[in-house]
Amino acid sequence: MPAEVAPPIGMLAELTHRCPLHCPYCSNPLELVRRTDELTTDDWRSVLTQARDLGVLQVHLSGGEPLARNDLPAIAGHAARLGCYVNLVTSGLGLTEQRMATFADRGVSHVQLSVQAADSVLADRIAGTRAHQHKLAAAAVIRNAGLPLTVNAVLHRANHDQLAGLIELAERLGADRLELANTQYYGWGLVNRAALMPTTVQLAAAVPVVRAARARLAGRMEIVYVVADYHEEYPKPCMHGWGARQLTVAPNGDVLPCPAASVIPTLRMDNVTRRPLADIWYRSESFMAFRGTDWMREPCRSCPRRDTDHGGCRCQAYLLTGDAANTDPVCSLSPEHGVVAAILAGGSASVEFTMRGPA
Amino acid sequence: MIASGSRPRLRRGVRLGYDKVRDRHVMMFPEGVLVLNETAADIVARCDGAATVTEITDALAAAYLGVRYTEVVDVLTRLADRRMIEVADDAG
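Residue numbers (our numbering), protein chains in the order written: chain A, 112 to 470; chain B, 61 to 152.
Hints are not guaranteed to be accurate.
Unchecked claim - Ranges between beta-carbon positions, derived for each pair: (1) B:Gly-126 <-> A:Arg-322: 15 to 25 angstroms; (2) B:Gly-109 <-> A:Asp-216: 22 to 32 angstroms; (3) A:Gly-276 <-> B:Ala-105: 34 to 44 angstroms; (4) B:Arg-84 <-> A:Pro-348: 21 to 31 angstroms.
Unchecked claim - With a straight-line cut-off of 25 angstroms between C-alpha atoms, the simulated SDA-like cross-links for lysine to any residue are: (5) B:Lys-80 <-> A:Asp-164; (6) A:Lys-347 <-> A:Val-374; (7) B:Lys-80 <-> A:Asp-154; (8) A:Lys-347 <-> A:Val-252; (9) B:Lys-80 <-> A:Ser-413.
Stated by the list, open to error - Here are a few chain A residues that face chain B, going by a calculated C-beta distance under 10 angstroms: (10) Pro-118; (11) Ile-120; (12) Gln-273.
Worth flagging that the hints you see were computed from the coordinates, not collected in a lab.
Glycine is no exception: its CB is placed at the ideal position from the N, C-alpha and C atoms.
Using the sequences plus the hints, can you model the full thing?
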């Protein structure tokens with residue numbers, strides 16, 4: 112284990128897996144937590160208090176759709192009173208002017224609103240429901256409440272050609288920031304990988320579009336554009352290291368080092384209703400498993416990049432090689448990189464989406 | 061570009077806070093948190109959109125020995141690069 116474990120900075124609070132949308136790229140696990148297994152309001156208050164005492168300063172209230180919980184104002188208010196920066200991550204469905212005013216009043220710092228495409232026909236097809244018009248209304252409500260707005264669009268083969276339109280949409284919605292992030296292949300996103308994987312033509316076409324928009328919108332709207340790691344030479348520095356800065360609390364109270372970590376069957380997850388959060392962060396088997404560099408094998412162990420990308424993503428290593436302690440096969444230095452190369456080579460057939468199921 | 065007459069302020073969505081766990085001031089923003097050293101925290105606390113960089117430097121120089129204009133500009137430039145502060149420029 113590393114000599115010194117730093118306190119966590121951020122917490123992803125997955126308040127519920129319930130969601131009115133059925134996006135095929137959803138990163139929620141295939142086994143969704145049912146409503147009856149969700150933490151109570153008091154549980155969440157306790158989690159937030161413990162998290163702040165532990166060092167958490169940023170709380171992302173997410174899901175599923177966090178607005179599906181009627182106690183969201185109480186939860187958000189508690190986090191804000193503790194001094195946390197509260198980020199509401201929402202689809203916007205159900206975000207009325209009145210509810211938004213309550214959240215602003217309770218101290219929500221920032222809202223991240225998802226959009227699925229630039230036009231309502233495609234957007235509603237991807238969401239699996241009539242969502243797009245509600246999102247346009249939600250953006251206005253957020254701006255009227257005076258809160259900073261990030262628009263987030265997950266990119267994939269079905270909407271990548273609308274990149275310019277998505278940028279114009281975010282501009283029209285008055286976003287301070289736009290995140291254009293290619294699908295990461297976890298949960299439902301992995302199930303739908305063949306249908307979601309963008310083509311090399313799409314990725315190449317995106318580069319000048321993003322560059323021109325950044326130049327045009329400099330100082331007005333920040334544009335974050337993230338290519339899927341499958342296409343990169345080196346893996347993403349997942350979570351900035353396992354158990355290094357972030358933790359995730361699932362709707363049922365399971366505490367995860369990474370939002371996707373429940374896919375690794377050898378990891379036993381602790382639950383915050385049965386073990387104090389600080390004890391889980393500093394001493395649990397799951398958080399210790401891949402902390403630091405001692406767990407690494409070659410080629411990571413002797414790699415000069417080991418402290419830069421931390422061996423990549425443990426969940427991806429498990430999903431694509433069957434062993435979470437392997438080098439992330441996205442890395443060009445991985446002996447199993449051929450797995451990723453084969454996926455990229457074979458990924459342009461037209462395939463139907465498997466829509467995300469209900470919680 | 062940070063100039064002597066620039067009037068820096070926190071960008072929308074950026075907050076300055078104090079973290080009792082780390083005993084440090086922090087800047088919190090949509091994508092993350094930046095833990096500040098004492099000098100940076102003192103500079104940021106004066107970024108109210110009214111004070112110029114010269115005025116901020118003078119105020120800090122009055123409070124501490126050895127705070128230089130270049131140091132203040134350096135800190136502000138790095139924060140501007142990370143989109144945490146913005147400046148309303150003023151030629152005067």
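Each hint, compared with the structure:
{"no.": "1", "hint": "B:Gly-126 <-> A:Arg-322: 15 to 25 angstroms", "in the structure": "violated (42 angstroms)"}
{"no.": "2", "hint": "B:Gly-109 <-> A:Asp-216: 22 to 32 angstroms", "in the structure": "holds (24 angstroms)"}
{"no.": "3", "hint": "A:Gly-276 <-> B:Ala-105: 34 to 44 angstroms", "in the structure": "holds (42 angstroms)"}
{"no.": "4", "hint": "B:Arg-84 <-> A:Pro-348: 21 to 31 angstroms", "in the structure": "holds (23 angstroms)"}
{"no.": "5", "hint": "B:Lys-80 <-> A:Asp-164", "in the structure": "holds (9 angstroms)"}
{"no.": "6", "hint": "A:Lys-347 <-> A:Val-374", "in the structure": "holds (18 angstroms)"}
{"no.": "7", "hint": "B:Lys-80 <-> A:Asp-154", "in the structure": "holds (23 angstroms)"}
{"no.": "8", "hint": "A:Lys-347 <-> A:Val-252", "in the structure": "violated (35 angstroms)"}
{"no.": "9", "hint": "B:Lys-80 <-> A:Ser-413", "in the structure": "violated (38 angstroms)"}
{"no.": "10", "hint": "Pro-118", "in the structure": "holds (6 angstroms)"}
{"no.": "11", "hint": "Ile-120", "in the structure": "holds (5 angstroms)"}
{"no.": "12", "hint": "Gln-273", "in the structure": "violated (24 angstroms)"}
When each numbered hint is compared with the structure, violations occur for hints 1, 8, 9, 12.
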